[in-house]
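Participant: Please model the complete structure; the sequences and the hints are all you need to start from.
Same order as they appear, the protein sequences are chains A and B.
Residue numbers for the first sequence follow our numbering, beginning at 167 and rising by one.
Residue numbers for the second sequence follow our numbering, beginning at 167 and rising by one.
Check the hints yourself; a few may be wrong.
Same chains, same label: a pair holds when it works inside one copy or across any pair of copies.
Only pairs whose alpha carbons sit at most 30 Å apart, straight line, appear in this in silico DSS-like list of lysine-lysine [stated by the list, open to error]:
id : residue 1 : residue 2
1  : Lys543    : Lys464
2  : Lys365    : Lys303
3  : Lys495    : Lys303
4  : Lys454    : Lys570
5  : Lys404    : Lys552
6  : Lys543    : Lys324
7  : Lys324    : Lys498
8  : Lys303    : Lys404
9  : Lys495    : Lys543
10 : Lys309    : Lys498
11 : Lys365    : Lys464
Worth flagging that the hints you see were computed from the coordinates, not collected in a lab.
These numbers were taken from a predicted model, which means no experiment stands behind them.
Number of protein chains: 2
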Amino acid sequence: MTEFLRVIAPDQFVQLLGGFDRLSSERVSLDASPDRILSEDILANEDLPEGSRSTVDGFAVHAEDTFGASDSIPAFLEVAATVAMGTMPDFEIHPGQAAQIPTGGFLPRGADAVVMVEYTNAAGSNSIEVTRPVTVKTNVLEKGEDARSGEILLPVGKRLRSQEVGFLAAMGVTEVCVYRKPLVAVISSGDEVIPIDRKPSPGQIRDANSHALAALVRAAGCESFLLDIVPDNSDLLKEAVRTGLAQADVVAISGGSSVGMRDLMADAVSAIPGVEILAHGVAIRPGKPTLLARRMQKAIFGLPGHPVSALIVAQVFLAPFLQYLQGGKMEKGPAGHRVQATLATSLNSTIGLEEYVRVRLEETAEGGWTAYPVFGKSGMLSTMVKADGIVLVPMNAEGFSRGKAVHVIQS
Amino acid sequence: MTEFLRVIAPDQFVQLLGGFDRLSSERVSLDASPDRILSEDILANEDLPEGSRSTVDGFAVHAEDTFGASDSIPAFLEVAATVAMGTMPDFEIHPGQAAQIPTGGFLPRGADAVVMVEYTNAAGSNSIEVTRPVTVKTNVLEKGEDARSGEILLPVGKRLRSQEVGFLAAMGVTEVCVYRKPLVAVISSGDEVIPIDRKPSPGQIRDANSHALAALVRAAGCESFLLDIVPDNSDLLKEAVRTGLAQADVVAISGGSSVGMRDLMADAVSAIPGVEILAHGVAIRPGKPTLLARRMQKAIFGLPGHPVSALIVAQVFLAPFLQYLQGGKMEKGPAGHRVQATLATSLNSTIGLEEYVRVRLEETAEGGWTAYPVFGKSGMLSTMVKADGIVLVPMNAEGFSRGKAVHVIQS
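Facilitator: What follows is the structure in structure tokens.
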């Protein structure tokens, strides 16, 4: 049995990935920016709001005029004017006066607070009673309170959610600088592997891996392209990886779960000029026969041929790496909602391997969750499909007992 | 003050949304299917694998030949052949014989188990010693074990993850029937609102809402288009909503946080022939002045003009509704990872309103989380931007005390 050259711990693998440079920047329109990560600070070049605005429907007043007002002793004010939306009022409110103002309306000069309409009563055609006092700035969003000219609106590294997009829109920012999204070249290899639209002859299997990997890349918000399936031939493997490197930021090639094929892939990759093998094996199960290499700033993932192993490795390392390249933190995957569950059966695990166990979740009568390991032989795709998520058994554990509270990552 | 016509509880609002029909189906290629939801069952029309395959590198054997084998008393077998990848072996293994087989290789006739290479030693040029026994089917993935012809591979309603895509690829499924994705018409209204690429005159504000809503729709995996900003004019509002209804599956129009404008929008929407107002006000804060209407099977969301309120309503109701329309469950939002946190300060809330409080999260020394409410006046976009998530205070609570364990939805 050929020994792995350099089996490393999962955390080391993550560290190696974090050693790659992030991708370059690009300018995109604000509408294309959701879920992208800023590659530079965005500065405010004006105040928001540009003048003081009311946050309620009511009356703009001198706060002082309302001090002591109550239901029994209301303050009387003359309604001198009405603020219209979309205009900056050109009049002034003097002591003893009020101006009707809608939510969002800009305060007229002189006014320093707004009384909600609920705390006023009409008193004749042109006056109101105010039944509650307001202090200065009550119900007023002051000039520059949301953002002040010159300050950093959003810092580099910030992922843009819909609220950030709205904030930038309000500030008149129509384009932003974000990290480029990685493009991934996906390659399947193996003499037995055929395209999915063909009927396998005896002994052949369809190419599940590249389509599953393309789906994973797409779910990570990135683009991929598929190269032709490569037979088990060192020169052709080398050529395919070179083609991938020339066109993409990341190459993900799967195949070679058997020992011989694994070595073939390692040989082919390391024969490419400028390629450095960073890891040859990672201490996880499934997924141990994983290769990581680099050429300049481009990563090459050599994934196992087993679809289940390939997908687990891709979830644990590749998907987070794609986030990292476009500005995110490098954190071990899988990403996904985490729920706490009680383990329905014991799990055995091997010391020295971090194990990713597929589980089904069932809701309990009390509204909690029970996790049932999905057992199945290595290479069974249906185990992944039946699973609602994954339980991670750490390297130093021999397994988990039945009844243990575990975290299930819904991935 | 104008009363709301029909303020309903959030759960009722969700129920109303769940009363809409889902969208129609469409056929998409497998590579376009990730994160889509099946609109019909997918049946297997062949067995997977189509023959029995080895799950390890080793030797295909008659299990019976290995019974009792150990390091001290190994079983001796003649290596009669080698299984090549990509072909169905055309030979047979007789008792006393073995065939070298790679991981994934198809078993030759006669063989019913595989011995891992680790438990064999070479014994001369053409024989091996087997040092551990195997039982029938050990290290073998049997014909049809992953999927059996005729069975339901994946049921209607299943959301396709990368593993399902891989599974379908392996089965030769190249196209799937999924629910169509909704197209959303986004409209902003208000005399004071101008496009984001213009410099506001005094009293004007830029259109934050439609860009934030478009971002939210995009984050939900759907498409939207923006109509022109509509001034506060009943006829023009009506016309814009009609245009939206003609072109899109859902119309989201924001504007009218002031009482007068709110009524203007309700009047405009209800004046459209065939439109039924389902809700005029929902008991949440922020976001109470929300309108829900339907025309045939199309929903019209009348959202508040305040960007913060509009976004909260969109997260709580619109985004989940977009998932529902394309086959998901109708569940109240916001969607997002949930973390447990300790509340840093007390929160006041009003009985009868479900309150969505924006909070910042800070990690504690112990690896837990503290949630700090982001206070700020209504209409401050920066409160949404500063927030890492939302804490929901239920309708029947007057608030939460400092130190309470709360769930924060990272949205």
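Participant: Which constraints among the numbered hints does this structure fail? Numbers only, ascending.
Facilitator: Of the numbered hints, 1, 3, 5, 8, 9, 10 and 11 do not hold.
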